[in-house]
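As you go down the protein sequences, you meet chains A and B in turn.
Numbering-wise, this note's numbering puts 1538 at position 100 of the first sequence, and it's gapless, one number per residue.
Numbering-wise, this note's numbering puts 198 at position 188 of the second sequence, and it's gapless, one number per residue.
Note that these hints are calculated values from the structure, not bench results.
Note that the Cβ used here is the ideal one computed from N, Cα and C, for glycine as well.
Don't take every hint at face value.
[What the hints assert, rightly or not] No more than 25 Å apart at the CA atoms, straight line, and that leaves these computed lysine-lysine pairs for DSS-like: (1) A:K1606 with A:K1634; (2) B:K193 with A:K1476; (3) A:K1634 with A:K1480; (4) B:K201 with B:K67; (5) B:K46 with A:K1606; (6) A:K1525 with A:K1634; (7) A:K1606 with B:K66; (8) A:K1535 with A:K1501; (9) B:K103 with A:K1606; (10) A:K1521 with A:K1476.
[To be verified] Output of the computed footprint for chain B on chain A, the stretches with three or more beta carbons under 8 Å from beta carbons of chain B: (11) 1469-1475; (12) 1552-1566.
Here's the letter readout for the chains.
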Amino acid sequence: MSYGTGATAVGIKGRNYVVLAAERRVSYGGFVVSRSAKKVYKITDYLGIALAGLFADMQAIAKVIAAELSYHEITVGRRLSVKAAAKLLATILYSYKYFPFLSEVLVGGVEEDGRARLYVMDPVGSLIEDDYAAIGTGASIAIGLIESNYNIDMPLDKAKELAISAVKVAIERDVMSGDGIDILIIHSENGTTRIKEESIRV
Amino acid sequence: MILPNNINSNIAREQVQKLLLQKALHGTTTVGIRTKNFTILAADRRATSGYYIAHKKIRKIVQITDYMAMTTAGLVADAQILAEWLSNHLRYKYYTTKMKPSVRSAAEYLSIILHSARFYPYIVQLLLGGYDTAPRLFNIDWFGSVTEEEYVATGSGSPIAIGVIEDGYRENLTEDEAVELAKRAVYAATKRDSFSGNGIDVVVIGEDYIKWYSFNL
C-alpha cells in the first residue's frame, strides 16, 4: 500500500545478528524530491529501525522512539530490551489509530544475552516477530528474493549480501525506490554487541 | 462519422478517458530538437504499470520511413497500431504517386485518424520528426492537433527535460552538441522522474541519413 512517498526496506535476522537495509528515494508522485533520504536509523548501540511510507512520519517515529528509550534508561536506570522497545513503539502507533502515522516499521536489535530480534509493524502498531521481512512499495518484489535464499544459519556476510540484493531488485522494478542503499548491521560476538552503518551507491 | 446520441453516457465516458489518459501518458520522457540541418528525437526506455516497472528496455522511437521517425508515449498498443498504419500508408502513397510524402503530410494524416476517434481516443502523444526538404518536427496530441516545433518534450519527465533544453538550445548547434543536449535532457528527467529511466535512445535525421544511438544508464 502506498502512503505517498514510497520506499523499500528489508530486515534479515540470524542467530546473533540483524541486518536492516533500505533505499534512499523520496518521490512526490513521480517527482523525485530527494535522492539521499535516510530510512534506516541507529537508535541505540544495540537497536535500529528501518521504515517505509510517508517520509515525514518516518522521521517523527525515529525521533519518538529514540526519546522514549533515553527517557526509560534515565528514569528506570536500566536499558529497555529490544522486545520491550518494539512493544512500546507498537503501543504508541496504536494510540494514533484514528490519525495514524503513515509508515510501516522494522525494529531490529540484539538483546543483552546475545539473542537477535526482528519485529515488523504496520502503521497502526500490529507487532509480529519474524526472521525476515520486507516493507514498503517494493516489498513484494524484495520478499521473493529473500524467501528463496534465506536460512537462519546463514553467516552475516551472506545475510548482508542478501539484504542488499533484495533492495536492489526492488529498486529495479519499483519506481518509488532508488538512488542508493543504507545498511545497518547489529552483531553480537563473544559478549560484545557492535552496530555498524554503511551506505552504497546503486 | 457517427455522432453520439446519448449525452450522459458521453460525459461519463470522457471522464473515464481522462483518468486513463493521465495514467497512460504519464510514464515516459520523450524529447525532440530541430536545428538548421537535422532533427533529433530522444526517449527513455522504461515502461511502467502503476508503480511497477513492467519493462526496462522498451523502444519508444519507431522508424516510419528512411527519412522519418516517431516517438511514442502513452498506450503501447495504440502507438504501435498508428505507427504501422502510418508507415504502410506512406509506402502506398510513394508507390502510387512516385513522390516521397512530406513529414507534414504524414502528421496531417495522423491528425485525421486521431480526430475521427475523438470520442474514444487513441491514448497517445506523438512526436514526428524527419527531413524532407528541410528538418521537420511535429507534436501531435491524442485529439489530433498538429503543431510544428523547434524543440519539444512530452511525458511525465517533460518539465524537467524542457528546462535543460531551454537553457541549451540554439538553432545552429552541431550534431554532437545537439545529441548531447537531448541526452542530457532525458538523463535529467530520468534522475528526477520516477516513471522514466533505464536508458536513453536517440535518433538523428539529416538530409540523407538517419543515425541511431543507445545509451545505458
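The hints, checked one at a time:
no., hint, verdict
1, A:K1606 with A:K1634, "holds (20 Å)"
2, B:K193 with A:K1476, "violated (30 Å)"
3, A:K1634 with A:K1480, "holds (9 Å)"
4, B:K201 with B:K67, "holds (17 Å)"
5, B:K46 with A:K1606, "violated (44 Å)"
6, A:K1525 with A:K1634, "holds (24 Å)"
7, A:K1606 with B:K66, "holds (14 Å)"
8, A:K1535 with A:K1501, "holds (19 Å)"
9, B:K103 with A:K1606, "violated (50 Å)"
10, A:K1521 with A:K1476, "holds (24 Å)"
11, 1469-1475, "holds (count 3)"
12, 1552-1566, "violated (count 0)"
In this structure, the hints that do not hold are numbers 2, 5, 9, 12, in rising order.
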